[in-house]
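If you're matching them up, the sequences are chains X and S in order. For what it's worth, numbering that gives the first Met the number 0 labels the leading residue of the first sequence as 0, then goes sequentially. For what it's worth, numbering that gives the first Met the number 0 labels the leading residue of the second sequence as 0, then goes sequentially.
Note that these hints are calculated values from the structure, not bench results. It cannot be assumed that every hint is accurate.
Since copy identity is lost for identical chains, a pair holds within one copy or between any two.
Unchecked claim - List of simulated lysine-lysine pairs, DSBU-like, C-alpha gap at most 30 angstroms:
1. LYS50 to LYS185
2. LYS185 to LYS39
3. LYS120 to LYS39
4. LYS101 to LYS50
Protein chains: 2
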Amino acid sequence: MARVMGERSEVVPLLAEVFRAYGFEGASLARITEGTGLGKGSIYNFFPGGKEEMAEAVLGEIDGWFRDQVFQPLRAVGADEAEQGVERMFTAVGRYFLSGRKVCLVGVFALGHERDRFAVKVQAYFAEWVQALAAALERGGRDAASALALSEDVVGGIQGALVLARAADEPELFMRALERMQQRLKETRH
Amino acid sequence: MARVMGERSEVVPLLAEVFRAYGFEGASLARITEGTGLGKGSIYNFFPGGKEEMAEAVLGEIDGWFRDQVFQPLRAVGADEAEQGVERMFTAVGRYFLSGRKVCLVGVFALGHERDRFAVKVQAYFAEWVQALAAALERGGRDAASALALSEDVVGGIQGALVLARAADEPELFMRALERMQQRLKETRH
DNA sequence: GTCTATAAAGCGATAGAC
DNA sequence: GTCTATCGCTTTATAGAC
């Protein structure tokens with residue numbers, strides 16, 4: 000099973016999948032070594048702080064990806080391109096969650112006992128998402144209050160659709176929900 | 000710490016809180032004995048099948064409660080009282096989730112590895128909820144397709160709002176989302 | 001940087017006294 | 001029906017060889 004990862008950063012996405020599949024407490028070191036293909040020794044060489052440091056690294060990478068691909072683009076959008084900026088968010092989100100086949104690790108942590116341990120990162124992720132989307136909606140001509148309300152509906156709707164899609168084992172349910180949310184935003188413009 | 004529970008049914012709600020707080024894998028027998036006030040021996044006297052049987056019992060009780068308090072009332076509603084039947088659902092749901100301070104155990108299980116183990120019950124819970132609400136919406140004058148779409152939006156919206164409320168540690172976020180969903184149903188009638 | 005061996009603690013579950 | 005004691009296994013984490 001000898002392997003050479005070279006970079007700690009190469010391990011993080013593999014760790015993410017293990018935490019996503021089993022949660023923090025369910026992600027045993029046996030499952031982690033299986034999912035990463037690395038022995039315990041190698042894992043602890045990269046993450047001396049153990050599972051806690053691994054989860055922090057995973058949350059950090061997720062946050063970084065969303066900041067680059069979703070939050071920043073939403074915030075940077077001009078008044079004339081607000082609409083298409085929001086559309087790009089839906090495209091990126093649909094792709095990220097593999098059209099409903101992949102759940103949101105931050106959402107999983109938010110619901111469970113993990114929330115207390117990783118409170119800062121969990122809270123920041125959703126707060127940033129809601130704020131960035133609200134900013135884009137406001138840029139598109141909505142008043143602050145309804146932009147915030149709509150933004151919470153959409154971010155919450157995405158999380159809930161992931162729950163339903165996974166419960167039903169029917170990923171298409173997620174994509175249909177995404178499309179309805181886009182449609183609803185179009186209908187309620189101005 | 001001597002106690003007399005008398006009834007197995009008295010233990011189930013206490014077990015529910017432990018599973019809700021820690022998930023299935025996180026709910027260790029130490030936490031279970033602490034949460035129920037019963038020793039391991041007593042617990043295994045009630046649930047010879049161990050944790051799996053405990054979780055089944057909890058899911059069964061949750062399903063029973065929702066069937067009695069939410070699903071059946073929604074399905075039994077007449078054409079003239081469809082609107083107020085849906086309103087009663089929102090009231091019951093707000094009360095059940097303690098205004099956003101309590102998460103949905105079935106939702107937690109749906110997102111995690113628990114989904115595989117309890118697939119039938121998890122799937123049935125959400126499917127029944129969506130169908131019952133869609134039936135009431137249809138009774139209220141909507142066509143089948145839009146009733147189903149709205150129903151998925153609402154049930155998903157409730158689950159997502161629970162995620163966001165817990166992530167932000169702000170239960171009021173959940174109640175505000177509930178009110179907006181009710182408002183939206185009113186606005187889109189006929 | 002990788003592995004195996006090992007330690008100490010916690011795990012689910014069982015047995016048996018009361 | 002309740003408890004304590006205990007079993008065997010898995011857990012996280014460390015030590016040390018290569």
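Verification of the supplied hints:
1. LYS50 to LYS185: neither (43 angstroms within a copy, 48 angstroms between copies)
2. LYS185 to LYS39: Neither way: LYS185 and LYS39 sit 51 angstroms apart in one copy and 57 angstroms across, limit 30 angstroms.
3. LYS120 to LYS39: Classified as within; 26 angstroms inside a copy, 36 angstroms across copies.
4. LYS101 to LYS50: The answer is both: 22 angstroms in one copy and 27 angstroms across copies each meet 30 angstroms.
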